[in-house]
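Asks: Same order as they appear, the protein sequences are chains F and U. Under my numbering, the first residue of the first sequence is numbered 1, with each subsequent residue one higher. Under my numbering, the first residue of the second sequence is numbered 1, with each subsequent residue one higher.
Simulated from the structure, these hints should not be mistaken for laboratory data. One or more of the hints may lead you astray.
Unchecked claim - Computed list of chain F residues with no C-beta within reach of chain U, every gap over 12 Å:
{"#": "1", "residue": "E56"}
{"#": "2", "residue": "T72"}
{"#": "3", "residue": "M183"}
{"#": "4", "residue": "S216"}
{"#": "5", "residue": "Q242"}
{"#": "6", "residue": "Q246"}
Said to hold, decoys possible - Using 35 Å as the maximum straight-line C-alpha spacing, the simulated DSBU-like pairs for lysine-lysine come out as follows:
{"#": "7", "chain 1": "F", "residue 1": "K167", "chain 2": "U", "residue 2": "K140"}
{"#": "8", "chain 1": "U", "residue 1": "K263", "chain 2": "F", "residue 2": "K191"}
{"#": "9", "chain 1": "F", "residue 1": "K34", "chain 2": "F", "residue 2": "K260"}
{"#": "10", "chain 1": "U", "residue 1": "K263", "chain 2": "F", "residue 2": "K317"}
{"#": "11", "chain 1": "F", "residue 1": "K167", "chain 2": "U", "residue 2": "K233"}
Glycine residues also receive a C-beta, built at the ideal position from the N, C-alpha and C atoms.
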Amino acid sequence: MYAQMIKSEATQDDPEKLAAFQARIDAGEKIEPKDWMPEGYRKTLIRQIGQHAHSEIVGQLPEGNWITRAPTLERKAILLAKVQDEAGHGLYLYCAAETLGISRDEMTEMLLDGRMKYSSIFNYPTLNWADIGAVGWLVDGAAIMNQVPLQRTSYGPYSRAMIRVCKEESFHQRQGYDVIRRMAEGTPEQKKMAQDALNRLWYPSLMMFGPSDKDSVHSAQSMKWKIKMNTNDELRQKFVDQTVPQAEYLGLTIPDPDLKWNEERGHYDFTDPDWNEFFDVIKGNGPCNADRLAARNKAWKDGQWVRDGMLAHARKKAARKHAAE
Amino acid sequence: MTAAAAKAQPALTQQEAFVQFLLRMGDNTLILGHRVSEWCGHAPVLEEDIALANIALDLIGQTQIWLGLAADVQGEGKSADDLAFLRDAWDFRNLLLVEMPNGDFGQTLMRQFLFDAWHGLMLEQLKSSSDERVAAIAEKASKEVAYHFERSAETVISLGDGTEESHNRMQAALDYLWPYVGEMFLSDEIDAAMEQAGIAPDPTTLRDAYDTRVSDVLAEATLTIPESRFAQKGGRTGQMHTEHLGHLLTQMQWLQRAYPGAKW
Ligand SMILES: [Fe+2]
Ligand SMILES: [Fe+2]
Ligand SMILES: [Fe+2]
Chain F
1 MYAQMIKSEA TQDDPEKLAA FQARIDAGEK IEPKDWMPEG YRKTLIRQIG
51 QHAHSEIVGQ LPEGNWITRA PTLERKAILL AKVQDEAGHG LYLYCAAETL
101 GISRDEMTEM LLDGRMKYSS IFNYPTLNWA DIGAVGWLVD GAAIMNQVPL
151 QRTSYGPYSR AMIRVCKEES FHQRQGYDVI RRMAEGTPEQ KKMAQDALNR
201 LWYPSLMMFG PSDKDSVHSA QSMKWKIKMN TNDELRQKFV DQTVPQAEYL
251 GLTIPDPDLK WNEERGHYDF TDPDWNEFFD VIKGNGPCNA DRLAARNKAW
301 KDGQWVRDGM LAHARKKAAR KHAAE
Chain U
1 MTAAAAKAQP ALTQQEAFVQ FLLRMGDNTL ILGHRVSEWC GHAPVLEEDI
51 ALANIALDLI GQTQIWLGLA ADVQGEGKSA DDLAFLRDAW DFRNLLLVEM
101 PNGDFGQTLM RQFLFDAWHG LMLEQLKSSS DERVAAIAEK ASKEVAYHFE
151 RSAETVISLG DGTEESHNRM QAALDYLWPY VGEMFLSDEI DAAMEQAGIA
201 PDPTTLRDAY DTRVSDVLAE ATLTIPESRF AQKGGRTGQM HTEHLGHLLT
251 QMQWLQRAYP GAKW
């Protein structure tokens with residue numbers, strides 16, 4: 001899940017219009033860009049879709065970190081294809097957000113100066129090759145948990161973007177699992193890498209679902225509008241229940257001594273992540289926040305002359321065409 | 001070849017010459033694919049990130065087939081991965097051009113353009129290779145490379161004919177890379193053997209078509225081709241690579257070297 005702690009906006013609109021809008025949502029209708037919508041709905045969606053888009057973009061960095069060191073040609077090709085998909089997801093999502101009246105450039109500026117966020121998970125480093133497996137298995141896995149229900153979200157362009165994205169994310173998850181499985185079955189060093197990756201990425205993956213429901217103040221309105229489909233704790237539980245047997249199959253140990261099956265609940269009991277660490281990362285103090293933002297800022301700044309040059313050429317071309325007509 | 005040189009280098013067998021040719025093709029795509037992949041997540045605009053990843057992916061895909069065939073023909077039980085990850089710099093047969101560092105986006109795209117223009121012409125000829133496997137690879141790869149050329153040419157044109165800054169940067173990139181163009185058209189006994197067997201054209205025969213192709217685009221880009229035809233060489237023979245290749249291999253081959261025999 002790439003959208004965490006999305007603050008929903010209070011709405012001061014005509015009560016009649018609001019009631020009619022809510023009725024459409026309750027009836028399962030899709031809201032389209034030209035339809036009337038409450039200002040709060042629009043703003044909350046921009047924040048949520050924007051944050052999701054930014055996550056896809058920043059998410060290229062930890063995986064890109066290993067493209068040049070991928071151990072085989074096939075692994076390199078698979079990783080390149082994956083990172084290319086993620087950039088594509090960013091593109092669809094920016095397009096979906098643009099239908100709400102904000103430009104991609106504006107959103108980019110807001111990412112770069114820290115006014116908009118991206119998922120906390122991408123502020124953790126990828127330190128060994130098994131991390132590439134763990135990212136696909138856990139991070140894409142967690143993203144799918146959240147995005148599958150969002151295919152039914154009330155906002156048409158967002159829902160359609162999610163449908164395209166989900167198909168590719170499940171591919172990524174299988175490929176990631178295959179990387180880490182190969183290592184878990186490999187040499188002692190490879191197995192050590194796989195366990196190390198799981199040790200470091202387990203709790204950050206649980207954080208992807210956002211704070212515990214009791215601390216999640218913005219959920220109710222978003223759920224009513226169907227731009228959030230499940231609570232954070234529901235999705236986190238579902239993720240743990242799905243992932244524990246996979247880790248067991250790999251022969252890897254989830255770094256939680258209190259993890260155990262609860263027969264009564266029909267779910268695993270597990271330890272919550274350290275929420276202080278989560279809030280630190282959100283505030284900018286994660287292990288990679290500064291580097292990630294610096295890399296994005298550098299790419300944007302270094303690319304200025306390219307964007308300017310392309311724009312200037314397009315204008316010259318249009319002017320020449322105009323003059324010739 | 002002089003008598004002295006002939007004595008120093010025993011003639012290659014046809015099989016050895018064929019392997020060398022295949023390595024030249026596969027090492028070009030491997031090294032350039034690697035270079036392009038270094039951009040991942042750092043391109044000037046999202047569409048370029050996607051396009052660069054896509055080009056790198058095509059090139060790595062082509063590498064798998066070229067080096068796979070090289071390993072087969074060699075017949076020593078090696079795989080494409082063994083060739084990519086376990087040879088040292090002196091055994092690489094790529095053009096110097098493709099190992100040159102990325103520099104700025106302009107330098108990367110200029111390098112791509114200068115290579116694509118040659119690559120497309122080469123593959124076009126290889127489609128009618130007497131070796132069916134080579135012809136099949138060329139058939140597939142030439143479709144991808146036609147797109148690479150279209151895209152890199154378009155970008156060179158828009159940045160050459162963009163702002164003053166973008167023009168100056170593209171001219172600087174062209175001036176820097178031009179000495180590495182000539183190596184693509186050098187010919188040696190390996191090329192002669194390939195030509196004789198009908199496997200591949202003599203590279204010198206591609207120069208005129210290349211010059212036409214490149215000068216048309218560069219003229220539209222308002223860029224000036226340097227007058228000197230001096231050619232840096234040593235990549236495709238392996239006699240003298242640049243200092244850059246060793247660093248690239250250090251990164252690319254690290255896992256395979258550090259954990260020999262592991263399956264990934
Ligand atoms: Fe994605
Ligand atoms: Fe995603
Ligand atoms: Fe993904």
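Asks: If a hint holds in the structure, say so; if it does not, say that too.
Replies: Structure-based check of all given hints:
| no. | hint | result |
| --- | --- | --- |
| 1 | E56 | 10 Å, violated |
| 2 | T72 | 5 Å, violated |
| 3 | M183 | 8 Å, violated |
| 4 | S216 | 31 Å, holds |
| 5 | Q242 | 26 Å, holds |
| 6 | Q246 | 20 Å, holds |
| 7 | K167/F to K140/U | 27 Å, holds |
| 8 | K263/U to K191/F | 12 Å, holds |
| 9 | K34/F to K260/F | 50 Å, violated |
| 10 | K263/U to K317/F | 53 Å, violated |
| 11 | K167/F to K233/U | 47 Å, violated |
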